[in-house]
Amino acid sequence: MSFEDLPENWTEMPLTSQQLAADVVDLLISEKDRAQSTMLLLPCDARGVAYPAPVLISEIDWHVGPSERREMLEALASLQLDSALVAASFRHRLSDAVVAAWATDLQEIFDDAGTWLLGFFSVWPLTVEPVALRLRA
3 MSFEDLPENW
13 TEMPLTSQQL
23 AADVVDLLIS
33 EKDRAQSTML
43 LLPCDARGVA
53 YPAPVLISEI
63 DWHVGPSERR
73 EMLEALASLQ
83 LDSALVAASF
93 RHRLSDAVVA
103 AWATDLQEIF
113 DDAGTWLLGF
123 FSVWPLTVEP
133 VALRLRA
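Quick note, the sequence shown lines up with residues 3 to 139 if you use my numbering.
Source of the hints: derived by calculation from the structure; they are not laboratory data.
Remember, predicted model here, so these are calculated numbers, not experimental data.
Incorrect hints may have been included.
Claimed, not checked - Label pairs and their calculated CB-CB ranges:
1. D114 x A37: 31 to 37 Å
2. S97 x D47: 29 to 35 Å
3. R93 x R49: 20 to 26 Å
4. D114 x S32: 14 to 20 Å
5. E10 x S69: 43 to 49 Å
6. H65 x E6: 30 to 36 Å
7. N11 x T106: 30 to 36 Å
8. S32 x D63: 18 to 24 Å
9. S97 x T13: 32 to 38 Å
10. D107 x L58: 15 to 21 Å
11. N11 x S69: 38 to 44 Å
12. V66 x E14: 22 to 28 Å
Just so it is clear, CB atoms sit at the ideal spot from N, CA and C, and this is done for glycine as well.
Please put together the full structure from these sequences, using the hints given.
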C-alpha cells in the first residue's frame with residue numbers, strides 16, 4: 003500500500019475500496035505525523051468521496067481508558083458527517099488490543115451518529131494496515 007499507487011482521479015473516487023483507502027491514508031499521514039501519534043479523520047460525502055480537507059490531530063494517547071476514548075470519538079461523531087475514513091498512527095505498531103478497542107468504539111459511535119465508517123487503519127512507519135470492521139447493514 004503506497005500513495006504512489008493512487009490513480010490521478012482518486013479525489014473523485016469513493017473510498018469504498020480498502021486498497022484505495024489505504025493508499026489515501028498513506029498519502030495523508032506523513033512519517034512525521036506517524037511519529038507524533040496522529041489521528042486522521044477524512045470527511046467524505048454520502049458516496050464515500052473525500053472532501054478536500056483532512057483533519058489531523060496529533061499527540062493522541064492511544065492507551066487512554068474507555069471513557070476518555072469514547073468522549074473523544076463522540077466529539078468527532080458530533081460533526082454529523084455522511085461518511086468518513088479514520089486512521090490511528092503511532093511511532094511503532096499499536097497492540098491488537100488497543101487497535102480493537104478503538105475500532106469497536108469508533109464503529110459503534112459513528113453508527114449511532116449515522117456516519118458511514120468507510121474504514122479504519124492502523125498506521126506506523128512505512129505501514130498502513132486495515133482494521134477489520136463489521137459489515138455495514
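So, going through the hints one by one against the coordinates:
1. At roughly 33 Å, the beta carbons of D114 and A37 sit within the given window of 31 to 37 Å.
2. Distance hint check: the CB atoms of S97 and D47 are about 34 Å apart, consistent with the given range 29 to 35 Å.
3. The hint said 20 to 26 Å for the Cβ distance between R93 and R49, and at roughly 34 Å that hint is violated.
4. One distance hint, 14 to 20 Å for the beta-carbon pair D114 and S32, is violated here, with the actual separation near 32 Å.
5. The given range of 43 to 49 Å is respected by E10 and S69, whose C-beta atoms sit roughly 44 Å from each other.
6. One distance hint, 30 to 36 Å for the beta-carbon pair H65 and E6, holds here, with the actual separation near 32 Å.
7. Checked against the hint of 30 to 36 Å, the C-beta distance between N11 and T106 comes to roughly 34 Å, which is consistent with it.
8. In this structure the supplied range 18 to 24 Å holds for S32 paired with D63, their Cβ-Cβ distance being about 20 Å.
9. Range check, S97 to T13: about 34 Å between beta-carbon atoms, so the 32 to 38 Å window is met.
10. A beta carbon spacing of about 20 Å between D107 and L58 agrees with the range 15 to 21 Å that was offered as a hint.
11. The supplied range of 38 to 44 Å is met by N11 and S69, whose beta-carbon atoms lie about 42 Å from each other.
12. Between V66 and E14 the C-beta distance comes to about 37 Å, which lies outside the given range of 22 to 28 Å.
Going through the hint list in order, the structure does not satisfy hints 3, 4 and 12.
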